[in-house]
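K.L.:
What follows is the residue order along each chain.
There are 2 protein chains.
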Amino acid sequence: MVETLRIKELVLEKNQEAAEENRSLLEKNDVLCLNLISSPGSGKTSLLECMGKHWGPRLGVIVGDVQTTLDAERIQGTGAVSLQIETGGSCHLSAEMVQHALSKMDLSPLEVLVIENVGNLVCPATYDLGESLKVAMLSVTEGAEKPVKYPALFVRAHAVIIGKTDLLPHVDFDMERVKADCRKLKNDVQVFALSSKSGEGMQSWQSYLEGHRASGRS
Amino acid sequence: MVETLRIKELVLEKNQEAAEENRSLLEKNDVLCLNLISSPGSGKTSLLECMGKHWGPRLGVIVGDVQTTLDAERIQGTGAVSLQIETGGSCHLSAEMVQHALSKMDLSPLEVLVIENVGNLVCPATYDLGESLKVAMLSVTEGAEKPVKYPALFVRAHAVIIGKTDLLPHVDFDMERVKADCRKLKNDVQVFALSSKSGEGMQSWQSYLEGHRASGRS
Chain A
0 MVETLRIKEL VLEKNQEAAE ENRSLLEKND VLCLNLISSP GSGKTSLLEC
50 MGKHWGPRLG VIVGDVQTTL DAERIQGTGA VSLQIETGGS CHLSAEMVQH
100 ALSKMDLSPL EVLVIENVGN LVCPATYDLG ESLKVAMLSV TEGAEKPVKY
150 PALFVRAHAV IIGKTDLLPH VDFDMERVKA DCRKLKNDVQ VFALSSKSGE
200 GMQSWQSYLE GHRASGRS
Chain B
0 MVETLRIKEL VLEKNQEAAE ENRSLLEKND VLCLNLISSP GSGKTSLLEC
50 MGKHWGPRLG VIVGDVQTTL DAERIQGTGA VSLQIETGGS CHLSAEMVQH
100 ALSKMDLSPL EVLVIENVGN LVCPATYDLG ESLKVAMLSV TEGAEKPVKY
150 PALFVRAHAV IIGKTDLLPH VDFDMERVKA DCRKLKNDVQ VFALSSKSGE
200 GMQSWQSYLE GHRASGRS
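From first to last, the protein sequence lines are chains A and B. According to numbering that gives the first Met the number 0, the residues represented by the first sequence are 0 to 217, in order. According to numbering that gives the first Met the number 0, the residues represented by the second sequence are 0 to 217, in order.
The hints are simulated quantities; they were obtained by calculation from the structure and are not laboratory data. Don't take each hint at face value.
To give a feel for the contact side, a few chain A residues facing chain B, derived at Cβ under 7 Å [to be verified]:
#1 S38
#2 P39
#3 G40
#4 Q66
#5 T67
#6 V121
Straight-line C-alpha distance at most 30 Å; calculated DSS-like pairs for lysine-lysine [what the hints assert, rightly or not]:
#7 K27(B) <-> K196(B)
#8 K52(B) <-> K27(B)
#9 K13(B) <-> K103(B)
#10 K13(A) <-> K13(B)
#11 K52(A) <-> K183(A)
#12 K178(A) <-> K196(A)
#13 K178(A) <-> K185(B)
#14 K178(B) <-> K196(A)
#15 K27(B) <-> K196(A)
#16 K13(B) <-> K27(B)
#17 K13(A) <-> K178(A)
#18 K178(B) <-> K196(B)
Positions of the beta carbon are idealized from the N, C-alpha and C atoms, including for glycine.
Chain A with its partners taken away, still in its complex shape:
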């Protein structure tokens, strides 16, 4: 057990080194980088399609998936630049995987880079990939108790997106409770309720990113 823990520590140390290198490369290229984490099927790829329509080739996406390149193909269709990492079984992305992907991308046209992590609320939470912002996403169909059940993610997330609000009339979801739970776990978190289908709430999410880019340059 002790040996397993030591190996875990070494893995995390090596991950952190790569994360810092990624962060410094992205800052040098003036790219705002998001690490987007959610359950499978929360609507990450649909959100990225909406973002692709807004940002076009100024948006880059690195898509992490255990298997298939379906998501990267969907995003590419919007004009954004996307690159798929098939993790081949691993349940989260590591900073080294992202570093390898970055080495194959032209960062100069990019303003925002989203790393779409493997669909999983547990394992990706503690791996720094070199992002500027960690973003947690859940959908209104998943129930309201996600933040308290998966605190490792929600204590770290700078922003929380609550998606699929178009389905609110058909599900039991206590929006105010979720927002309050998120703030209890991280008091300065920004919460965005939106729908990729209806477009509701999308503008304030895009403005948040524009604002971060503007403040990063000042």
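With chain A's structure known, arrange chain B on it following the hints.
P.N.:
Chain B only, in chain A's frame:
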């Protein structure tokens, strides 16, 4: 890396030993055991509430969660016997954790025991807990590509539950494609489309379990 792999092997070997012990204990007590795996928020706990109303004290549930005992409390309300394992950060249940839980339960009144795994489609897939049936669950709000994106689970699942069918009119979900994809990955899989909210499809799921119990005793 080689050392990490060796440790992974040892962990899996140890898990397998405990799994076989669990399986033999459960068979001796004539308990049909399910390992229920899905994303967070797919509706596992709501399904278990429905099952609790049907089976009452003949149903036992071991609930795995990273944090909180919310789910066990919900299930207990139906008359089923439930016990919570807080994994304290681990992203899947192990056979040893289940063994520890079993040692605290009275198995004699039970006919069915459901192990509700941690909400995660990746990590729980390869850990045998000693179950009779591995059951994968997804909801119609999660999109149709889950089986092809998470094949490690779907090649192993004896049954797949497609839940929240009451939301079908409000989402894009290709039921026939999902069923076909499941069968491509495992040709003898049983697929159940159901809604814990409306009760649709619940009867054939319960009959499937009754059938398995009957055949197990013959």
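K.L.:
Would you mind marking each hint as holding or not holding in the structure?
P.N.:
Right, here's what the structure says about each hint:
1. S38: holds, 4 Å
2. P39: holds, 5 Å
3. G40: Holds. Min distance 3 Å.
4. Q66: holds, 6 Å
5. T67: Holds - the Cβ of T67(A) comes within 7 Å of chain B, reaching about 5 Å at its closest.
6. V121: Cβ of V121(A) sits 4 Å from chain B, so the hint holds.
7. K27(B) <-> K196(B): Outside the cut-off at roughly 35 Å; violated.
8. K52(B) <-> K27(B): holds, 26 Å
9. K13(B) <-> K103(B): holds, 21 Å
10. K13(A) <-> K13(B): holds, 28 Å
11. K52(A) <-> K183(A): violated, 34 Å
12. K178(A) <-> K196(A): holds, 21 Å
13. K178(A) <-> K185(B): Violated - the C-alpha atoms of K185(B) and K178(A) are around 41 Å apart, more than 30 Å.
14. K178(B) <-> K196(A): Holds, because 25 Å separates the two Cα atoms, which is no more than 30 Å.
15. K27(B) <-> K196(A): violated, 52 Å
16. K13(B) <-> K27(B): holds, 22 Å
17. K13(A) <-> K178(A): violated, 35 Å
18. K178(B) <-> K196(B): holds, 21 Å
Going through the hint list in order, the structure does not satisfy hints 7, 11, 13, 15 and 17.
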